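Enquirer: Given only the sequences and the hints, what does the whole structure look like? Please build it.
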Amino acid sequence: SQKTEQKREKTLEKNARRLERGLEGDDIDAILAALSLEHRERAGVIVDNDCKKPSARGHASMTATNSAKPNELVVYGGERVEGEKCAVCGDVYRYDIDRNK
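First residue of the sequence shown? That's 1 in the working numbering, and the numbers climb one at a time after it.
Be aware that a few hints might be false.
To be verified - Capping the alpha-carbon separation at 20 angstroms, the derived lysine-lysine pairs in PhoX-like fashion look like this:
hint, residue 1, residue 2
1, K69, K85
2, K53, K101
3, K101, K69
4, K52, K101
To be verified - Distance ranges between label pairs, derived from CB positions:
hint, residue 1, residue 2, range
5, R8, E84, 31 to 41 angstroms
6, K3, L32, 33 to 43 angstroms
7, H59, G83, 14 to 24 angstroms
If you're looking for bench data, these hints aren't it; they were derived computationally from the structure.
All values derive from a computational prediction rather than experimental measurement.
Glycine included, every Cβ here is placed at the ideal spot set by N, Cα and C.
Expert: Below, the structure is given as structure tokens:
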């Protein structure tokens, strides 16, 4: 219900604030709440038809399409190392082999 969702949202925000202030150093619920809020902020879909090439990454999935565009590759996700952190990519790129774009 809407009331339950509002209460859940309020709890998540409260736990995220506590995590930022450092009041609960190893509280797993606060950590998960902060990660959930961060994920929600990044979950929007953006379509860019003329974008830069994908950043360097490992463990991405790449496949050729067989349907309407047989000369197209699709690259999804992967990981890249930024200092001591590993960033997980959730983006999708289409590459047209004929147009080299």
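Enquirer: Hint by hint, note whether the structure agrees.
Expert: Evaluated hints:
Annotation: proposed proximity of K69 to K85 is violated, straight-line Cα distance about 37 angstroms (limit 20 angstroms). Proposed proximity of K53 and K101 is supported: the alpha carbons are some 9 angstroms apart, at most 20 angstroms. For the suggested pair K101 and K69, the alpha carbons sit about 14 angstroms apart, so the restraint of at most 20 angstroms is met. Under the criterion of a C-alpha separation no larger than 20 angstroms, the hint pairing K52 with K101 is consistent with the structure, at around 9 angstroms.
Taking the beta carbon of each, R8 and E84 are about 32 angstroms apart, inside 31 to 41 angstroms as hinted. Between K3 and L32 the C-beta distance comes to about 22 angstroms, which lies outside the given range of 33 to 43 angstroms. Distance hint for H59 and G83: a CB-CB separation of about 18 angstroms, consistent with the stated range 14 to 24 angstroms.
Checked against the numbered hints given earlier, the structure breaks hints 1 and 6 and satisfies all the rest.
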